[in-house]
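Residue numbers (the numbering used here), protein chains in the order written: chain D, 16 to 125; chain G, 754 to 868.
Note that these hints are calculated values from the structure, not bench results. Remember, predicted model here, so these are calculated numbers, not experimental data. Check each hint, because a few of them may be wrong.
[Said to hold, decoys possible] Over 10 Å on every C-beta distance to chain D, these chain G residues come out as not near it, computed from the model: (1) Val756; (2) Gln781; (3) Ser806; (4) Asp855; (5) Thr856; (6) Gly860.
[As the list claims (entries may be wrong)] Keeping only pairs whose Cα atoms sit at most 25 Å apart, straight-line, the calculated DSS-like set for lysine-lysine is: (7) D:Lys112 x D:Lys56; (8) D:Lys112 x G:Lys818; (9) D:Lys71 x D:Lys120; (10) G:Lys760 x D:Lys56; (11) D:Lys120 x D:Lys18; (12) D:Lys83 x D:Lys71; (13) D:Lys32 x D:Lys120; (14) D:Lys112 x G:Lys760; (15) D:Lys112 x D:Lys32.
[Claimed, not checked] Label-pair ranges, simulated between beta-carbon atoms: (16) G:Pro824 x D:His90: 17 to 23 Å; (17) D:Thr92 x G:Gln777: 24 to 30 Å; (18) G:Ser812 x D:Lys83: 27 to 33 Å; (19) D:Gly74 x G:Ile816: 41 to 47 Å; (20) G:Thr866 x D:Lys71: 33 to 39 Å; (21) G:Ser812 x D:His96: 35 to 41 Å; (22) G:Thr797 x D:Asp97: 44 to 50 Å; (23) D:Lys71 x G:Arg768: 19 to 25 Å; (24) G:Ser806 x D:Asp53: 32 to 38 Å; (25) D:Val95 x G:Gln794: 23 to 29 Å; (26) G:Ser812 x D:Ser66: 18 to 24 Å.
Glycine included, C-beta positions come from ideal geometry on N, C-alpha and C.
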Amino acid sequence: ELKVEQNPLFLSMQEGKNYTIYCNYSTTSDRLYWYRQDPGKSLESLFVLLSNGAVKQEGRLMASLDTKARLSTLHITAAVHDLSATYFCAGQGGSEKLVFGKGTKLTVNP
Amino acid sequence: SAVISQKPSRDICQRGTSLTIQCQVDSQVTMMFWYRQQPGQSLTLIATANQGSEATYESGFVIDKFPISRPNLTFSTLTVSNMSPEDSSIYLCSVLGGRGADTQYFGPGTRLTVL
């Protein structure tokens with residue numbers, strides 16, 4: 016059974032700083048997803064990582080996947096306040112089902 | 754990407770009643786799912802909505818409590834039956850396939866409060 020662990024669960028950082036969110040998963044996952052959720056909103060798809068070594072970047076966010084280590088990272092570069100949100104990673108188990116981590120609540124302070 | 758709508762967007766219901774949530778997609782999709790997000794928590798899969806057949810439920814979720822229909826490739830409903838305050842959550846449908854077939858997209862969610 017696929018299990019997904021994220022850390023940290025809470026992250027407070029200053030604008031302009033860099034940080035990384037980690038996502039470990041327990042068994043083979045066909046894909047690894049990253050989503051963003053703003054308070055009171057639904058999930059916005061950020062990245063889907065399909066293979067070992069995959070790296071995707073959008074603006075100040077970069078996601079990578081290491082299937083051998085069963086690890087994905089979401090790196091934040093030069094954070095800005097607009098990035099404040101909760102970020103979820105999710106692995107894909109059998110039958111396309113997603114198993115979510117607990118989420119990382121990111122607060123970027125001026 | 755697929756455009757997903759849900760109705761209602763929110764509701765406040767009395768204990769013991771039932772609520773049916775609708776999920777409509779703007780294109781035919783291969784798979785549709787229903788998730789629950791309890792307050793301050795992550796998402797948990799309730800079931801996979803299968804077109805033309807019974808839904809596939811995850812451990813801890815049963816058809817009598819969460820009946821699901823999927824009459825075609827663009828529409829599904831989730832009913833939350835005999836509600837209790839513990840059912841207060843956000844219910845989200847997600848889809849895979851169709852436009853944007855490489856990722857799962859989520860609907861806007863239905864925020865349910867049970868008194």
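Tell me the numbers of any earlier hints that the structure contravenes, in ascending order. 4, 5, 6, 15, 16, 17, 22, 23, 26
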